[in-house]
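Participant: These protein sequence lines map, in sequence, to chains V and G. Letter 191 of the first sequence, counting from 1, is numbered 191 in the working numbering, and no numbers are missing. Letter 26 of the second sequence, counting from 1, is numbered 26 in the working numbering, and no numbers are missing.
There could be a bad hint or two in this list.
[What the hints assert, rightly or not] Ranges of calculated distance between the beta carbons of each label pair, as one might list FRET restraints:
1) G:10 x V:37: 58 to 66 Å
2) G:61 x V:228: 23 to 31 Å
3) V:132 x G:16: 21 to 29 Å
4) G:15 x V:45: 54 to 62 Å
5) V:180 x G:16: 39 to 47 Å
6) V:181 x G:12: 50 to 58 Å
7) G:60 x V:223: 15 to 23 Å
[As the list claims (entries may be wrong)] Each computed EDC-like pair below joins lysine to aspartate or glutamate, with the alpha-carbon atoms no more than 16 Å apart:
8) V:206 x V:159
9) G:90 x V:159
10) V:181 x G:78
Calculated directly from the structure, the hints in this document are not laboratory data. None of these values were measured; they are calculated from a predicted model. Ideal placement from N, C-alpha and C gives every residue a C-beta, glycine not left out.
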Amino acid sequence: MKRIVLVVFVLLTVTTVTIAQTGLKKRRPLPFEYGKVILNNYSEKAGLAPVVFDHWLHRARFTCRLCHVDIAFAMKAGTTGITASDNMSGYYCGTCHNGKRTFDGKKIFESCGIKYPLADNKQCARCHSLGKNVDRKYDFVKFTEGFPKERFGNGINWEKTEADSYVTLVDYLEGVTIQRKPLSIPKDITVEPKQAGMPEIIFSHKKHAAWTGCELCHPEIFVGLKKGDTKYSMTEIFLGRYCGVCHGNVAFPLLDCQRCHTKPVEHDTSALLR
Amino acid sequence: MIKHIMLAAIVIVIAIFSVIQIVSEKVPFLSAGTAYAQDEWKKEFDALCSETQDAMLMSHEKLHDLVARCDALKPRIESLDESQRKVMLKRLKMCKDFYVYVLQSKESK
Numbered sequence: 001m002k003r004i005v006l007v008v009f010v011l012l013t014v015t016t017v018t019i020a021q022t023g024l025k026k027r028r029p030l031p032f033e034y035g036k037v038i039l040n041n042y043s044e045k046a047g048l049a050p051v052v053f054d055h056w057l058h059r060a061r062f063t064c065r066l067c068h069v070d071i072a073f074a075m076k077a078g079t080t081g082i083t084a085s086d087n088m089s090g091y092y093c094g095t096c097h098n099g100k101r102t103f104d105g106k107k108i109f110e111s112c113g114i115k116y117p118l119a120d121n122k123q124c125a126r127c128h129s130l131g132k133n134v135d136r137k138y139d140f141v142k143f144t145e146g147f148p149k150e151r152f153g154n155g156i157n158w159e160k161t162e163a164d165s166y167v168t169l170v171d172y173l174e175g176v177t178i179q180r181k182p183l184s185i186p187k188d189i190t191v192e193p194k195q196a197g198m199p200e201i202i203f204s205h206k207k208h209a210a211w212t213g214c215e216l217c218h219p220e221i222f223v224g225l226k227k228g229d230t231k232y233s234m235t236e237i238f239l240g241r242y243c244g245v246c247h248g249n250v251a252f253p254l255l256d257c258q259r260c261h262t263k264p265v266e267h268d269t270s271a272l273l274r
Numbered sequence: 001m002i003k004h005i006m007l008a009a010i011v012i013v014i015a016i017f018s019v020i021q022i023v024s025e026k027v028p029f030l031s032a033g034t035a036y037a038q039d040e041w042k043k044e045f046d047a048l049c050s051e052t053q054d055a056m057l058m059s060h061e062k063l064h065d066l067v068a069r070c071d072a073l074k075p076r077i078e079s080l081d082e083s084q085r086k087v088m089l090k091r092l093k094m095c096k097d098f099y100v101y102v103l104q105s106k107e108s109k
């Protein structure tokens, strides 16, 4: 009897220690995986592998606004409800992936083309690639070689990558985007952190609106009408709301505290000087 | 004789088509209905949603007008084919919601 108790005790101890060491928490994605979206609304039902969408490749070429406003991709994965028929009609992925539009002088391959039967796995597998050993046309390491680096997410400082002209983001698609005047950028906003001693957040409209425009964030993500109206906490942000809609999924992750909490804390030193 | 009749018939047919072409260009409602309607809703959509970047500088009246025009355009977009309807309704919603947001923001001041 004593032996059984001992065995159970040892097993429990080993399990506890193993879990404590390796953890059951979500694995942090590798740089090339960060921002990956799996689309499987209809794929498996149609006998195809789910679509793997790499944000890193697309965000290096197009603004967020172009895809999420002009092409109307929803901000939450799986909620757009893209069908092969939509693509074939020239919407969503098919807006660019139509075999006609070009980028850098090269034709962009056609997605869900009517001429590709389901049996043509090679063509379909360029997007429908989850669980398949597909040779990607663009290799993350090669593609991002030389880009300014960062610690988290894709390991790339995308803002600096654009500022230093490693990439030029397209914000206009002929026949899709409406011609409009340049955006007049609203002022930056400082947000006081709830925790004392944390540096204040300086929210730059310039940095955000240049990539997102106005209607991508307001009112869908930030509904507040004036500064301080939208009350949110870090917990909610970590749960993927507010800033967390992008930061943590595609934009640099929330582990990079000092990239938002940038304003130095002003300590009251008057008592020390007296 | 037959040759002359055929030639005359061809000339008449060409003349009739030319007249229809000229008249339909001058009188829009005689043009192909769907294409014309598409063109019109798209023009209105472009006009409505091309001003979001200036929304903060607009008067209440202008914003109210834009919101009302977005509402008026919605049924026309709802009648489009499925793919186009999904995309354009989402785009229209985003721009209308933004105008409403700015309007409320101004009214709350």
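Participant: Each of the hints needs a verdict: does it hold here or not?
Facilitator: Against the structure, the hints:
Taking 58 to 66 Å as the suggested C-beta distance range, the pair residue 10 of chain G and residue 37 of chain V conforms, at roughly 60 Å. For the hinted restraint 23 to 31 Å between residue 61 of chain G and residue 228 of chain V, the CB-CB distance of approximately 28 Å keeps it satisfied. Between residue 132 of chain V and residue 16 of chain G the beta carbon distance is about 59 Å. The supplied range of 21 to 29 Å is therefore violated. In this structure the supplied range 54 to 62 Å holds for residue 15 of chain G paired with residue 45 of chain V, their Cβ-Cβ distance being about 56 Å.
At roughly 44 Å, the beta carbons of residue 180 of chain V and residue 16 of chain G sit within the given window of 39 to 47 Å. Range check, residue 181 of chain V to residue 12 of chain G: about 53 Å between beta-carbon atoms, so the 50 to 58 Å window is met. Here the CB-CB span from residue 60 of chain G to residue 223 of chain V is close to 20 Å, well matched to the stated 15 to 23 Å. Between the alpha carbons of residue 206 of chain V and residue 159 of chain V the distance comes to roughly 11 Å, so the proposed pair stays at or under 16 Å and holds.
Only pairs whose Cα atoms come within 16 Å are accepted, and residue 90 of chain G paired with residue 159 of chain V is rejected, the gap being roughly 28 Å. For the hint linking residue 181 of chain V to residue 78 of chain G, the alpha-carbon distance of about 28 Å lies beyond 16 Å, and the restraint is violated.
Against the hints set out earlier in the document, violations occur for numbers 3, 9, 10.
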